[in-house]
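Visitor: Could you slot chain B onto chain A? The hints should help.
There are 2 protein chains.
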Amino acid sequence: MQSFAERFSILAEARSPLCLGLDPSADLMRAWGLNDDPEGLRRFCDTVLEAAGERLAVIKPQAGFFERLGAGGMAEMARLIAGIRAQGALSLIDAKRGDVASTMEGYAQGFLGASSGFGADAMTVTAYLGFNALKPVFDRGSATGSAVFVVVHSSNPEGRSLQNARHPDGRTVAQALADDITAFNGKLGAGTGPVGAVVGATVDPAQAAILNRLPQSLILAPGVGAQGASLADVGANFAATRGRTLPSVSRGLLRHGPTVAGLRQAIDRHRDEAWRMWA
Amino acid sequence: MQSFAERFSILAEARSPLCLGLDPSADLMRAWGLNDDPEGLRRFCDTVLEAAGERLAVIKPQAGFFERLGAGGMAEMARLIAGIRAQGALSLIDAKRGDVASTMEGYAQGFLGASSGFGADAMTVTAYLGFNALKPVFDRGSATGSAVFVVVHSSNPEGRSLQNARHPDGRTVAQALADDITAFNGKLGAGTGPVGAVVGATVDPAQAAILNRLPQSLILAPGVGAQGASLADVGANFAATRGRTLPSVSRGLLRHGPTVAGLRQAIDRHRDEAWRMWA
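Those sequence lines, one after another, are chains A and B. Under the numbering used here, the first residue of the first sequence is numbered 1, with each subsequent residue one higher. Under the numbering used here, the first residue of the second sequence is numbered 1001, with each subsequent residue one higher.
Next comes chain A alone, as it looks inside the complex:
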């Protein structure tokens, strides 16, 4: 069985390392002229999939914007994930789930692998309830060739103070999490493991030092575009994880909809830029 990291590597080479984030807010639905209901959401997803047309490696639905519309919204997320799979791309649910171990087992069964509730290839999680409470998702990620991305250094400024609080040994919360991730992946062998990290594309060069603690992880880097970072910034600041970084663009790309042609042009432009980031 191929790991998520192996599948990503092949797709990134063939298509681009770019990750397209989907955050269909009420504002975006309005801008696209869609009704803000599950049927409108289906049209949104169909348009995105048509524009993406086997040109993207990773598509990342942001769960909150589907859950927003209740169970009907979640049914559209499940349908979208099947569509992503049909294009040979990887689906990454940006769910940021984080709970005690018994509940994380539930989320693992819900999100990770083709036979899970939603059938996705990867998910994001948070660690307020402890890194070790996340073990059930890591184990299922490993068993199903899926990936789990733990938020380490988020892209928003509000997260800074908690993530920089210090343990008695002097490490920050973010640093200790990065070390925990690396220890977990290391136990499974050499190479890139199933546990990745979220490190906001908005990091400055000093903050980017956290990447040196993550030698066996894929890195999801959200915050490109609307939050102020460019793909060139990612290329410069994420040099330490070259070839293992998924730069994620959402609003900055989706604002080029709602036409398939406009969206596809924007996708192609961002794909090229993401490739150059690695060149």
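Keep in mind the hints are simulated off the structure, nothing from the lab. Where is the CB? At the ideal position from N, CA and C, for every residue including glycine. Just so you know, not all the hints are guaranteed correct.
Have a look at the derived ranges for each label pair, beta carbon to beta carbon [said to hold, decoys possible]:
#1 B:1183 <-> A:27: 27 to 35 Å
#2 B:1243 <-> A:243: 32 to 40 Å
#3 B:1269 <-> A:204: 52 to 60 Å
The following residues of chain B were derived to be distant from chain A, with all beta-carbon distances above 12 Å [as the list claims (entries may be wrong)]:
#4 1010
#5 1047
#6 1053
#7 1088
#8 1189
#9 1204
Guide: Then chain B, alone, in the frame of chain A:
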């Protein structure tokens, strides 16, 4: 419009402060003789609602165990929440969502208030991405008479090290969050505000000092039963938030199913104990 705190206070008096947590794991479904699919989940919820029959103040579905079964599972959660409302009880979705502000706006629209995607009365959230990123859920909680419970001190031991990391001013992560909650509620006026806290029922007397920082919050206290704390422990350790604590029992009560009679007896026993906790 009545606040969640006002509605809880009346119901706790009339019924009991007990909160019943629902975590239909694969193991529990098997123990109840149910198929582990959305139809089995519907039977599970119907049995619980029949046993509860207007005797409980708060019912807390654990989102992970519904999401486990995909969009069909989430549809059952929506149906359950409508059933809870029909019994005049309060629904609290144990979702532990935590993301950047724009996404928290999505979760607020999804969970808080009768007109939201799932139509619930309250939800739990986590703050790894920062307390201020949660503002959209607090604001919607305040506007719709709903409540938001921020995880401060979780019931599981794995959470201890992160929650005890220290800010430069010497406060732990948990203490700073408690102070942020109190500052937010305080700005809205006197009395119990819309932002509550999750403090595990498993706290020892020293850890319970965190409650003194939460004078205007409801406190959700999970971990009664299976995780080792008793309702008597909650009565002793949560004296500082007397009348504002929701002790939550899940597996310790559900193991008395699957018959309605067995479950109802267990509910009544726990209700009485929860009342005595306040006596």
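Visitor: Confirm or reject each hint.
Guide: Results of checking the hints against the structure:
1. A C-beta distance of roughly 29 Å is found between residue 1183 of chain B and residue 27 of chain A, which places it inside the suggested range of 27 to 35 Å.
2. The supplied range of 32 to 40 Å is broken by residue 1243 of chain B and residue 243 of chain A, whose beta-carbon atoms lie about 58 Å from each other.
3. For residue 1269 of chain B and residue 204 of chain A, the Cβ-Cβ distance of about 57 Å falls inside the hinted range of 52 to 60 Å, so the restraint holds.
4. Its beta-carbon lying about 28 Å from the closest one in chain A, residue 1010 of chain B satisfies the requirement of being farther than 12 Å from that chain.
5. Non-interface status of residue 1047 of chain B relative to chain A is upheld: no Cβ of that chain comes within 12 Å, the nearest being about 19 Å off.
6. Look at residue 1053 of chain B: its CB is around 25 Å from the nearest CB on chain A, clear of 12 Å, so calling it non-interface holds up.
7. Non-interface call for residue 1088 of chain B relative to chain A: holds, since the shortest CB-CB distance, roughly 22 Å, exceeds 12 Å.
8. Listed as outside the interface, residue 1189 of chain B is consistent with that label: its C-beta sits roughly 24 Å from the nearest C-beta of chain A, beyond the 12 Å cut-off.
9. No beta-carbon of chain A is positioned within 12 Å of the beta-carbon of residue 1204 of chain B; the least distance is around 18 Å.
In this structure, the one hint that does not hold is number 2.
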